[in-house]
Amino acid sequence: MAVYLKHLFLLLSLSLLASLAAQAQNVTTIKFDQLQELRQAPHDTLYVVNFWATWCKPCIKEMPYFEAAHAEYKDQPVRVILVSMDAVQDKEKRVLPFVQKRNLQSRLYLLDEPDGNTWIDRIEPKWSGAIPATMFFNNKRGQYEFIEREISQQELQELITKYKP
Amino acid sequence: MKNNRIPFLYMACLLLVGVLMGAIPASENSGYQVGDTARDFKLKNVDGKMVSMADYKDAKGFIVTFTCNTCPYSVAYEDRLIELHNKYAPKGYPIIAINPNDVKVSPKDSYKHMQVRAKEKNFPFPYVYDETQEITKAYGATRTPHLYVVQKQQDGTFKVAYIGTIDDNSREPEKVQKKYAEAALDELVAGKPVSQPNTKAIGCTIKWREA
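So the protein sequences, as listed, match chains A and B. Heads up: the first sequence at position 143 corresponds to 753 in my numbering, and the numbers run straight through without jumps. Heads up: the second sequence at position 145 corresponds to 291 in my numbering, and the numbers run straight through without jumps.
A portion of the hints provided could be inaccurate.
[Unchecked claim] Output of the computed footprint for chain A on chain B, the stretches with three or more beta carbons under 8 Å from beta carbons of chain A:
| # | region |
| --- | --- |
| 1 | 296-304 |
| 2 | 339-352 |
[Unchecked claim] The calculated lysine-lysine pairs, modelled on PhoX-like cross-linking and capped at a C-alpha distance of 25 Å, are:
| # | chain 1 | residue 1 | chain 2 | residue 2 |
| --- | --- | --- | --- | --- |
| 3 | A | 641 | B | 321 |
| 4 | A | 641 | A | 772 |
| 5 | A | 684 | A | 703 |
| 6 | A | 667 | B | 254 |
| 7 | A | 667 | B | 267 |
| 8 | B | 283 | A | 667 |
| 9 | A | 671 | B | 267 |
| 10 | B | 254 | A | 671 |
| 11 | B | 267 | B | 338 |
| 12 | A | 736 | B | 254 |
| 13 | B | 195 | A | 703 |
| 14 | B | 321 | B | 206 |
| 15 | B | 233 | B | 283 |
[Said to hold, decoys possible] In silico contact screen, one side only, chain A against chain B (beta carbon under 8 Å); selected entries:
| # | residue |
| --- | --- |
| 16 | 652 |
| 17 | 697 |
| 18 | 725 |
These are calculated hints, taken from the structure and not from any lab test. Small disclaimer: the values here were computed from a predicted structure and weren't measured. Where is the CB? At the ideal position from N, CA and C, for every residue including glycine.
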C-alpha cells in the first residue's frame with residue numbers, strides 16, 4: 611500500500627512538473643513608454659519583436675516560426691517578443707485563451723494604446739500600421755531592420771543568423 | 147574666386163547624394179502622398195454597375211476607403227463609415243469603398259461575399275472590387291481600413307488632401323475622442339487647408355495576390 615502511494619505521489623509530482631514546464635507565458639499589458647524602453651534596450655542582444663493580433667490571419671500563420679526561433683535560440687542572446695495589438699478589453703476572452711491553446715513560449719506583451727496615430731510614427735515612421743510587422747534590432751551594435759508584411763520561416767532564420775551576436 | 151568652386155561642387159555632390167537617398171524610401175513607400183493627383187478608376191460595384199469618380203458631376207471630392215469584409219477593424223468601422231457618408235455626401239464628399247483583397251488569399255472577400263455584406267449593412271455608398279489590385283497599388287493603400295480623401299480641382303483632377311484613419315478608437319466607438327477624418331473633411335468643406343493630413347492606425351494588411 612505504502613509503495614503504491616509513493617508511486618502515485620511520484621506520478622502526481624511528475625505530471626505537475628510536466629504541466630508547469632509546458633505552461634504558456636503570461637501576457638503583460640504595456641503602454642507605449644514600455645515599448646519604447648524595449649526598443650531602446652542597450653544590451654548586446656538581438657531583439658525580434660513581432661506585432662500581431664488574434665484576429666490577424668497572416669500573423670497566426672507566421673507565429674509558429676517565431677515560436678520555433680524562440681525555442682532554438684533561448685540560450686543565446688536572442689529575444690523573441692510577441693506584441694499583441696488586440697484591445698485590452700479582449701485580453702481575458704480572446705488573447706489568454708489563444709495563448710493557452712497554442713501554448714506560446716515567447717515573451718508576450720499586449721500594447722494598450724488604442725490610438726495608433728499617437729505612437730506608430732514614434733516607433734517606426736516607415737510603418738503604415740498594417741500587421742503583421744516585425745522589428746529586428748541590436749542597439750549595442752546599431753543594427754536595425756523593419757519588415758511590414760508576412761515573413762517566411764526561411765527569411766526569419768536568415769535574419770536571425772545575420773544579426774545574432 | 148577659383149577656390150570657392152570646390153566647396154560649391156562638394157555641396158552639390160552632398161545635395162545630390164541627399165536627393166538620391168531621399169528617393170530610395172520614397173520609391174519603397176510607393177503610392178500617393180498628400181498633395182498628389184489621384185487617378186480615377188472604373189471598378190465594379192456590388193450592384194453590377196461600374197463606378198468612377200467622374201460619374202459624380204456634383205461631388206467636391208471623395209472619401210476613397212479601402213476596406214473589406216473580413217478584417218475585424220473594417221467590420222468595426224462599417225457603421226461609422228455609413229455615418230461618415232451620410233454626414234459628408236450632402237456636403238459634397240461621398241464615400242466610395244474599395245475592396246482590395248485577393249480572393250484566393252482571402253476567399254471571404256469575394257465579389258459575392260461583398261454583395262452579401264453590402265446588403266446586410268445596407269451600405270448607402272458604392273462598394274467596388276479592385277480585382278486586379280491596380281488601383282490599390284496606385285494609391286499605395288497598405289491596410290484596411292485606409293482612407294484617402296481627395297478634392298476635385300478646377301481642371302477636374304483629384305488632389306489627395308488626407309490619408310489615414312477614421313478616428314482614434316476602433317474597438318470602442320463610444321470612447322472616440324479624435325475624429326481624424328471628420329476634422330479633415332470639415333476643414334475641406336470650409337475651404338481651409340487640412341491641419342492634420344496624415345494619420346495612422348493599426349489595421350489588417352492587404353491580402354496581395356500571390357505570384
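A quick look at each hint next to the structure:
1. 296-304: With 0 residues close enough to chain A, the hint is violated.
2. 339-352: holds (count 8)
3. A:641 <-> B:321: Given that 25 Å is the threshold and the Cα spacing comes to 18 Å, the pair holds.
4. A:641 <-> A:772: violated (30 Å)
5. A:684 <-> A:703: violated (29 Å)
6. A:667 <-> B:254: holds (13 Å)
7. A:667 <-> B:267: This hinted pair holds, its Cα atoms lying about 24 Å apart.
8. B:283 <-> A:667: holds (21 Å)
9. A:671 <-> B:267: violated (30 Å)
10. B:254 <-> A:671: Status holds; Cα separation ~17 Å.
11. B:267 <-> B:338: violated (33 Å)
12. A:736 <-> B:254: violated (29 Å)
13. B:195 <-> A:703: Violated, because 42 Å separates the two Cα atoms, which is more than 25 Å.
14. B:321 <-> B:206: Answer violated: residue 321 (chain B) to residue 206 (chain B) is near 31 Å, above 25 Å.
15. B:233 <-> B:283: Status violated; Cα separation ~28 Å.
16. 652: violated (27 Å)
17. 697: For residue 697 (chain A), the interface hint holds, since the closest Cβ of chain B sits about 4 Å away, which is under 8 Å.
18. 725: Where the cut-off is 8 Å and the nearest Cβ of chain B is about 4 Å from residue 725 (chain A), the hint holds.
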